Amino acid sequence: MPTTLSPAKFINVAVAVIAFSGTNAPTRYLLARRHAHQHQGNRFEFVGGKIETGETPRQALLREVYEELGVQMADNGWARLGVICHDYGDQRVSLHVFYTQATAEQYTRLQGQGSEGQALVWATRADISAGNYPLPAANTRIVDWLALPNVIGISRDIAAATNALLTFDTWLDVYTHKLPQHAWLYVRLPSVLAQSDGTQAYLVAWQALHTSRPDVTFLLSYQAVGQLAWYDCDHDHVVLHLNHHQLMGSTAQDLPPSCRYFASCHDANSLSKINQLAQTHTVMGAFLSPVLPTPTHSDAPTLGWQGFGHLAASSKVPIFALGGIGITDIAAARAHDGYGVAGIRLLDAL
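Numbering (this note's numbering), first residue to last: 2 to 351.
Since the hints were derived computationally from the structure, they do not count as laboratory data. Any given hint could turn out to be false.
Computed list of lysine to aspartate or glutamate pairs in EDC-like fashion (alpha-carbon distance at most 20 Å, straight line) [what the hints assert, rightly or not]:
no., residue 1, residue 2
1, Lys51, Glu69
2, Lys10, Glu68
3, Lys10, Asp91
4, Lys51, Asp88
5, Lys179, Asp198
6, Lys51, Asp91
7, Lys179, Asp91
Fair warning: this is a prediction, and the values are worked out from it, not measured in the lab.
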């Protein structure tokens, strides 16, 4: 009689990325060691557990944190990162990932062991990436997302008639000195790319800024660099940006799988497309716009925070609010299932 294989069990899991940023020290993240008898036993993991029937991911998150750590963290403020699907063969999981910052008091309490006797450690992203704390395979994308900032700047154009940054030298000087340490910047230069030698000019601008600011992570136009044979997809400080048209017109087979990606989304269809890409490629996040009116497009239709939240909730990747957004809108973005904010004028407030 032929053997019938049982279908793999499917589990929805709420995951808590709990960070602590001390004075003059790199950010550390709380990991718990799974007991030997558990699935993926003896590996480390971000705290969390199964979402029970009738629970929302956020409800399960707070319950699991309290059960595993003995600490109430409902008032910390949680940001939704995304959803990661992974098939272990014997078990399929969907990780609903959220991020928060621990207070100094919570950091002091969360040492040694958790409420269930599991070992607790605080580790830097560098230590985790180096494999010093082996994680289940489903957690790998979370480690990628730990590099994300709250704010992504967007560069002003070069030689745009309505822009104060009229020359390459001025543009380079401003962003060399304006960007905070380890900032993320989307190098958006439509006037440059429209030139006959636009790709080369774009790369010259980026390479000059990268030379002066090697700490910065750059979102680079896929139009300019995505299909160049020499392009190094393993570059630690480069993410390829797909605009809405490029995202909708491409397939997973068109895009090098070793690169990291970011996209501009405006509607449910584009979010569905980036969710599909995230199944096979490393997608760091997406801009979702326009949220609010901008000085240059005051009469254009906008999503509003309610529309933004409705769309962001369907995303499986971290969402950054764009369009009429300020630094003070980070809390609003996170209250509506976004992770951070983005914009040209945000850098003026830093």
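Structure-based check of all given hints:
Under the criterion of a C-alpha separation no larger than 20 Å, the hint pairing Lys51 with Glu69 is consistent with the structure, at around 12 Å. For the suggested pair Lys10 and Glu68, the alpha carbons sit about 23 Å apart, so the restraint of at most 20 Å is broken. Of the supplied pair hints, the one linking Lys10 and Asp91 holds, its CA atoms being roughly 7 Å apart against a limit of 20 Å. In summary, the hint linking Lys51 to Asp88 is supported, as the alpha carbons are separated by about 16 Å, within the 20 Å threshold.
Distance check on the hinted pair: Lys179 and Asp198 sit about 28 Å apart at the alpha-carbon level, beyond 20 Å; violated. Restraint check: the Cα-Cα separation between Lys51 and Asp91 comes to about 16 Å, which is no more than 20 Å; the hinted pair holds. Distance hint between Lys179 and Asp91 is unfulfilled; the C-alpha atoms sit about 50 Å from each other, more than 20 Å.
When each numbered hint is compared with the structure, violations occur for hints 2, 5 and 7.
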